[in-house]
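Asks: The task is simple: from the sequences and hints, build the whole structure.
Sequence lines, in order, name chains A and B.
This note's numbering puts the first sequence at residues 1 to 420.
This note's numbering puts the second sequence at residues 1 to 420.
Don't read these hints as lab results, they were simulated from the structure.
Even for Gly, the Cβ is constructed at its ideal location relative to N, Cα and C.
Incorrect hints may appear among the rest.
Stated by the list, open to error - Just a few of them, taken from the derived set where beta-carbon distance is under 7 Å, the chain A residues facing chain B:
1. Tyr53
2. Ala68
3. Gln75
Said to hold, decoys possible - Partial pick of chain B residues on the chain A-facing surface, computed with a CB cut under 10 Å:
4. Glu56
5. Ser58
6. Tyr66
7. Ala68
8. Gly73
9. Thr77
10. Trp98
11. Lys189
12. Arg409
Protein chains: 2
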Amino acid sequence: MAVVVMKFGGTSVATVDRIRNVARHVKREVDAGNRVAVVVSAMSGVTNQLVGYVREASVLHDAREYDAVVATGEQVTAGLLAIVLQSIGVPARSWQGWQIPIKTSAAHGSARILDVLGGEIRKRLDQGEVAVITGFQGIEPHGNRVATLGRGGSDTSAVAMAVALDAEVCDIYTDVDGVYTTDPRIVPKAKRLPKVSYEEMLEMASLGSKVLQTRSVELAMVHKVRTRVLSSFVAPEAMQPVRAGVLEDIGTIVCDEDEIVEQQVVSGIAYAKDEAKVTILKVEDKPGIAARIFGPLADASINVDMIVQNITPDGKHTDMTFTVQASELPRTLEVLKSAKQDIGYFDVKSSADVVKISVIGIGMRSHAGVAAMMFKSLSEKGINILAISTSEIKISVLIDAAYAELAVRSLHTLYGLDAA
Amino acid sequence: MAVVVMKFGGTSVATVDRIRNVARHVKREVDAGNRVAVVVSAMSGVTNQLVGYVREASVLHDAREYDAVVATGEQVTAGLLAIVLQSIGVPARSWQGWQIPIKTSAAHGSARILDVLGGEIRKRLDQGEVAVITGFQGIEPHGNRVATLGRGGSDTSAVAMAVALDAEVCDIYTDVDGVYTTDPRIVPKAKRLPKVSYEEMLEMASLGSKVLQTRSVELAMVHKVRTRVLSSFVAPEAMQPVRAGVLEDIGTIVCDEDEIVEQQVVSGIAYAKDEAKVTILKVEDKPGIAARIFGPLADASINVDMIVQNITPDGKHTDMTFTVQASELPRTLEVLKSAKQDIGYFDVKSSADVVKISVIGIGMRSHAGVAAMMFKSLSEKGINILAISTSEIKISVLIDAAYAELAVRSLHTLYGLDAA
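Replies: Structure (structure tokens):
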């Protein structure tokens, strides 16, 4: 019998009725003889309400107290699901992060999981009890205080539990039925990917796909946890339970690239709208100038993504263009303003009307010309590329936001991803 | 410098703005050099919402899971108050029951506090940090699970913390400014009692006064904790801070009777509307009949209060009248129905249109005739007494609900309680 970790997000547990639906998914696995640990998020809207209270209490606040408040959302869901499971005859108990314990770092609000002591839970799973575990949180053991993992952290909790329990699979139930080649709202011909490699999923997650949280994919990759993305809104009884060694072709399995037999060159097209472009005009072109610009930004914990440098016609100056998260733009401009004396520049221009389009695929490693095809295709559509960044398995370009949908659709067709 | 425990109920922390007001009360005490532990309830309405979720999940539910869900309300308030205190320059941290720990019995949903390990908190109070403690909950150490004390349990948490910290006073802040001779909504001439003895407060609490929870008064009485009832809606800066050995004449101090110099014969008139009367007609009048009636009720955990037995004219039968909580009436009637064969009776009649009026006073111990005055006065007003019960310091009568206000007002005047 397999150990199965099932994770349900906020929309899947938004009401008590939806929690009943979740319980039926769990019962299906239990009835098939599986040992089940469930990780739950807060009912949708609850975390936002709690964060709202904290901000109303004080804009600047103790992250430990923020955690104490915000972690309660998942605690409510876990208790309710345990009750519903018991009511349909499935033995269950809820576990809060500190009870297991899930030990975390002291970085309250964005803590990292350091260790999961899964022994007691494993024992109870073997006795047929379902463990319902609060996502998004653990305990910082030194201070004996609740610590949260940051927004979306429940995915990471689920993968960490799968590692601790040596689970057959970590099933992430969401409101979509898998990972698609791109956003189906933009490209109706987008296809579900039956399998996707950890590396690709990682790029997709960090490039704008909201399906899985980046850190959960990293953790799954390191520990080789097979992670599956599924919809909780499919009728629970219409799905097959997990069997050891066999995963049905539903949802998307995130797995090792070796498991993926027919590798596409490009697996997906991602886009991120929350980018902002900053251009510093007429900076003196001399050694050390980049450090003088990006040093203060790093000190302010502002993440710089793409960077492009142009020489101005006079040959002595340079224009420096880079991107940051749109939400960081006001802080970025402030930092640059206060460092103007030290950097020495003529002016700063910025725009949030940009979008980053990325083409992702493990197959790029062994196929040349993927980037050239992309640039040619965009150019033919009259789309101007503002910046480029690449990795071994992805190419990202920054373009004017007005062209976002056109670019995504063109590239989806170009790389043969359209459904027949 | 005194150790002060301050407890704030749900209406006092109903919004973040009210929590700011609470923080000003706390700051007043801190600024005066006092060491302060604060016990908080859930924001008003929150506990009801959580209980509603649990009931929606399943009418029959695991009390341990109920506790895990319902205890989150206080956890939110504690974190928020700690944040607000910090924001006005008062060092503070929140403590959940399991972190202290407050050890409780395993009776989830109505657990009793067994022990409070206040050492770490006491150390931090001495360092000038305010402890913000979740009311209503602790940890059942054997199972490592959160246990709640039952509705109104935060008063008990506060008194238990006062015991553990050897506090000068346990100040219970509510939405009324003290304990009154009776409900001022019924008798506008009702007076605030500057002091009331533990015994009297205990009778008042169990006879319908909502000001303090019964168990908190018992605990305060056993450990001689001076407990004060105050309004949180008075401007915080208009009140005097606690000084060792001196308590201002505001609110009501619940204390040992020795401290009360001018003892009244009667201190207050209480009334309870949540009573129901049950009459079992024509029961055979023979030994053991009471056991046959009240045994099954006790087995069903139904609390019987007043009992009256009349002999019917034939001399062989008896009518048995007793009262139960109105909410228990349907269950009571069911139990009697299924025991009809065994008891042997003609019929059962019941009514919830009754009210229990109680006259309470330590002074009754040394004054005869208090009851006689009461019966005569009610009779003169044409009020029929349906049942009577007495203790050393109280007399209760059951009357038709229609006469409730008339009876309370008459007795208030009769015993000289009207304000000048």
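Asks: Each hint should be assessed against the structure and marked as holding or not.
Replies: Going through the hints against the structure:
1. Tyr53: Where the cut-off is 7 Å and the nearest Cβ of chain B is about 6 Å from Tyr53/A, the hint holds.
2. Ala68: Hint holds; Ala68/A Cβ to chain B Cβ min 4 Å, cut 7 Å.
3. Gln75: Cβ of Gln75/A sits 5 Å from chain B, so the hint holds.
4. Glu56: holds, 4 Å
5. Ser58: Constraint on Ser58/B satisfied, holds at 4 Å.
6. Tyr66: Holds, because the Cβ-Cβ distance from Tyr66/B to chain A comes to roughly 7 Å (cut-off 10 Å).
7. Ala68: Because about 4 Å separates Ala68/B from the closest Cβ in chain A, which is inside the 10 Å limit, the hint holds.
8. Gly73: Cβ of Gly73/B sits 8 Å from chain A, so the hint holds.
9. Thr77: holds, 9 Å
10. Trp98: holds, 7 Å
11. Lys189: violated, 42 Å
12. Arg409: This hint is violated: Arg409/B lies away from chain A, its Cβ roughly 44 Å from the closest one there, beyond 10 Å.
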